[in-house]
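> Based on these hints, arrange chain A on the given structure of chain D.
Line by line, the protein sequences are chains D and A. Residue 1 is where the first sequence starts when you use the numbering used here, and the numbers rise one by one after that. Residue 1001 is where the second sequence starts when you use the numbering used here, and the numbers rise one by one after that.
Honestly, the hints are just simulated from the structure, not real lab data. Ideal Cβ placement from N, Cα and C applies to all residues, glycine included. A hint or two may mislead.
What the hints assert, rightly or not - These stretches of chain A come out as covered by chain D in the derived footprint (C-beta under 8 Å, 3 or more residues):
#, region
1, 1035 to 1047
2, 1053 to 1067
3, 1121 to 1127
4, 1134 to 1140
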Amino acid sequence: MTEQKLKVRVFSTPTCPYCVALKGHLKDHNIEFEDIDVSQDLVAQKEMIERSGQYGVPVADINGEIIVGFNQERINQLLNIN
Amino acid sequence: MIYDLIIIGGGPAGITAGIYAARKKIKTLLITKDWGGQVTKAIEIENWPGIKKISGMDLMKQMTEHLKNFEIEIKEHKEIIDLDKNGDNFIVNDGEEKYEAKTVIIATGKIPRSLNIPGEDQFKGKGVSICSTCDAPMFKDKDVAVIGGGNAGFGVAQDMVKYAHKVYVLEFFEEMKGDPITKEKLAQSGIVEFITNVAVKEIKGTKFVESLVYEDRKNGKNTEINVGGVFISVGMSAKVGFAEKWVELNNIGEIVIDKDNNTKTPGLFAAGDITDIKYEQIVIACGEGAKAVLAATDYLKTK
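Just chain D, with the same shape it has in the complex (with noise of 0.2 Å):
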């Protein structure tokens, strides 16, 4: 386990399932995270298109990492989440 301080962002819409999905996983695991709605943010859904190649949600950035869609297994890798 690092000591390094997490840093999670969520892009997402609030329509989507996974994103709901993704999120309560994080949450469930006391996982704090900043909550980027990108049916609002325009500037932030520019960015996550860009970074990301695809214009899916959800997508999220663990510590600069990109992971598309809800893949629990990499997230929970990243997370240190058995």
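Chain A in isolation, oriented as in the chain D frame:
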């Protein structure tokens, strides 16, 4: 080891079958690629008795937890590639391992149908989407195409008119199949163009989708339209390839069953959306999964 029953699928039909089988104490294995199937994409469900309103994701989480509460063997993230027979028993193959059982219930449901055209896979997530409720806000002020003029396609178009600059709705047949009242509402937005009798040939772009080519089915002429997004809504299909030898399919590829969920092969049952049962609802799929186990249990008694 020979199981009494193998259930293939982890949607409402498969999970309910698992619960019933566990309570019947028959030696059961449930194999599934994922949990919840199509239901996980439903934002709100208001017709599941006992729960006034719930998201599809939450309902399936509860169903899965309920199932796992029982003593039942489960293999997750496995896709069945072949079903064969060994005498009266069945051999189920997930590509890595083979499992033998006296009875099998197929409950693999349906997946969105694809167009199988160039660019469709390449641009998935890069402008090609099958979830308009998720991705619609990404297409603000863009021109987009909805492929499929049925009620599902119209629903997608309704999501899109809130954001897009222009929405094309393309339909293969001569008439749009969706409800005229919805079509009228879409037309009133002033930004929807309906194009019928066309076959979509290719989705083009570099990094993201840039255009789409369709063929006029009357005169064979190709037209290219500039779009930043393509939403595919051409219905659902049953994927039965692995079991084709042992079942009869109807004209839309669904497994034909009798009222007790029997397929044409004794000991092989099917339940839920993969079957030719007309109405596709969560509560119906659950009922069918339960019926299939009860029928399989009766069948086991005769062995």
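> Indicate, hint by hint, whether the structure satisfies it.
Right, here's what the structure says about each hint:
Proximity of the region 1035 to 1047 of chain A to chain D, defined as three or more residues with a beta carbon under 8 Å from a beta carbon of that chain, is established by the 4 residues found. With 3 residues carrying a beta carbon less than 8 Å from a beta carbon of chain D, the region 1053 to 1067 of chain A meets the three-residue requirement, and the given coverage holds. Judged by the Cβ-Cβ criterion of 8 Å, the region 1121 to 1127 of chain A is covered by chain D as claimed, because 3 of its residues qualify and three suffice. Interface restraint, the region 1134 to 1140 of chain A with chain D: holds (7 residues with C-beta to C-beta distance below 8 Å; minimum three).
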